[in-house]
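S.K.: Chain residues, written in single-letter form:
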Amino acid sequence: MSKIRGAVTVDTERCKGCSLCIEACPLNLLSLADKRVNHKGYPYVEQKNWESCTGCTSCAIVCPDGCISVYRVKE
Amino acid sequence: MTKEEIIRPENLVCAKPTLMNDAPMHYCPGCSHGMVHKIIAEVIEEMQMEEKTVGVCPVGCAVFAYRYLDIDWQEAAHGRAPAVATALKRLWPDRLVFTYQGDGDLACIGACETIHALNRGEKITVIFINNAIYGMTGGQMAPTTLVGMKTATCPYGRDVNLHGYPLNMTDLAVNLEGTAYVTRQSVHTVAAIRKAKRAIRKAFENSINGIGSNMVEIVSTCSAGWKTSPVKANKWMEENMFKYYRLGDLKDTQEIRSKE
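In order, the protein sequences belong to chains A and B. Everything in the first sequence is counted per our numbering, starting at -3 for the first residue and increasing by one. Everything in the second sequence is counted per our numbering, starting at 498 for the first residue and increasing by one.
Errors might be hidden in some of the hints.
What the hints assert, rightly or not - Lysine to any residue pairs mimicking SDA-like chemistry, simulated, CA-CA at most 20 Å apart: (1) B/647 <-> B/732; (2) B/748 <-> B/695; (3) B/513 <-> A/6; (4) B/729 <-> A/70; (5) A/36 <-> B/544; (6) A/-1 <-> B/507; (7) B/729 <-> B/748; (8) A/-1 <-> B/513; (9) B/692 <-> A/21; (10) A/70 <-> A/50; (11) B/756 <-> B/708; (12) B/513 <-> B/544.
Just so you know, the hints here were simulated from the structure itself, not pulled from any lab data.
Chain B on its own, in the form it takes in the complex:
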């Protein structure tokens, strides 16, 4: 059998999701944003919510997310995505509303909006891309930067006496009454991507069914900011990031209720 005989439209088993358009992505090679965009597109397609989904873009690397997925988007001011999503969901209760934010946007300037939106139990999903660095602006220290990690603004490593401790937003969200589903995932391997997809699907279903607010943290890499190759960045993340940002479901009120 020749390669041409295999490569036919009827034999296609996996390709770029149709919701993702052909616009070339501005992300650096190997950036986790691409994987997460793909997962979101696939989940929305599977749920047949193409016409009823509104995403809220952050400020950061994902500021141009609206260029790549053919759904409705709204750009928010820096850190204000959960506030904008609150308004969208309240005005359009039948829509699936999610925010897509990086660690600088969500954990630093938007920490207040994030915590209050989650605590109010807004029926939205917050997708939090945590790569422990400010990628877009040139690799400065973020609130989530690990202790000892070197960045452009802490070239000798993050020092707790000077810079304080990394802010673990997802662990904070667990303790808020309004959250229904809080999970931390990653997209470094095929298995991890499948798990992250299931988590995002669950969060989206909760948002549509009006079950509290949902937060999905994706521990990500920033090979450009970490000054390494994408493959090495994945290894570094496994060795260092997962110790502090442990993967798995942290809170699932639906599961607790089903057990009772």
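Isolated chain A (complex conformation):
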């Protein structure tokens, strides 16, 4: 059976750490970076456990600033 794999990239300088994508991710793969901030002083979002990401694009759809790009491949 083919598996769908996904990964996201975050424009960390544009991210404001609103955490809406963290709530929207059905697999809870996103989290705020630990004790790191961007040049505006906002903690930004990171994808930690990217291995189980399916590229469902929920995080990118809810992102108000359009910082998230989603990539998807069929393995």
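Put chain B on the given structure of chain A with help from the hints.
M.R.: What follows is chain B alone, placed relative to chain A:
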């Protein structure tokens, strides 16, 4: 498969719409304006109306909307966006003209312009961002503030004896003869964002085809004005705002005609 193998341009499935430029947005973290800007950019791209769209900016948080979307914009005086849009549409009948207004702009100072433009059946779309508070000026009470809701100018909650009742502009617009499509949507979840996008697309198509005036209300959050986090603001909106501002299509003359 490594992450680098997945992250390649040919595998990109979702990203910032190309109409939205790289200028950093001045909105607070988690503001609904960003979602609505993104939806509008996507709809205009899908309709291939990039060169033929004119937006009218309000006064309020969205006053700088012209900085973020690469389409033609016109800034209007406070509340006068529907009047400016009327002129634009009458002079350029082939353009897609929409106004983008908050509740202070549309429901308070611009209530007259909004109602008359909608009642005349101008071929425009009015996008109404309703977050029940004056966000930009520091969280004062707006005409749409809910009964009992605390703001900077009603710290004990909105009292109907003193401040009157919340003004439901979209319900008013339903009763106007000139409106073709009136809907109330939200952008708090993925499903809601998809629905709101379909609603905006329909309203824009009506405007181009010259079918009456269209109004899309987006019930929104203002986490800074409500003094809470964006995630909690969404929950508060679901629990309180949706009781008074019910989501869904309120009027659709095209649907009625297709059934007849």
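S.K.: All hints are to be evaluated individually against the structure, with a verdict given for each.
M.R.: Do the hints match the structure? See the list:
Between residue 647 of chain B and residue 732 of chain B the CA atoms are separated by roughly 17 Å; this keeps the pair inside 20 Å, and the hint holds. Restraint check for residue 748 of chain B and residue 695 of chain B: the C-alpha separation of about 15 Å stays at or below 20 Å, so the hint holds. Restraint check for residue 513 of chain B and residue 6 of chain A: satisfied, since their Cα atoms lie roughly 11 Å apart, inside the 20 Å limit. Restraint check for residue 729 of chain B and residue 70 of chain A: the C-alpha separation of about 36 Å exceeds 20 Å, so the hint is violated.
Using a Cα cut-off of 20 Å, the hinted pair residue 36 of chain A and residue 544 of chain B is violated, with the two alpha carbons roughly 35 Å apart. Between residue -1 of chain A and residue 507 of chain B, the direct Cα distance comes to roughly 18 Å. Compliance with the 20 Å bound is thereby established for this hinted pair. For the given pair, residue 729 of chain B sits about 31 Å from residue 748 of chain B by alpha-carbon distance, which is inconsistent with the 20 Å threshold. Between the alpha carbons of residue -1 of chain A and residue 513 of chain B the distance comes to roughly 26 Å, so the proposed pair goes past 20 Å and is violated.
Restraint check: the Cα-Cα separation between residue 692 of chain B and residue 21 of chain A comes to about 19 Å, which is no more than 20 Å; the hinted pair holds. For a cut-off of 20 Å, the pair hint linking residue 70 of chain A to residue 50 of chain A stands: about 10 Å separates their Cα positions. Pair hint residue 756 of chain B plus residue 708 of chain B holds up; C-alpha atoms about 17 Å apart against a cutoff of 20 Å. Of the pairs offered as hints, the one joining residue 513 of chain B and residue 544 of chain B holds, with about 17 Å between alpha carbons and a cut-off of 20 Å not exceeded.
Hints 4, 5, 7, 8 from the earlier list are contradicted by this structure; the remaining hints agree with it.
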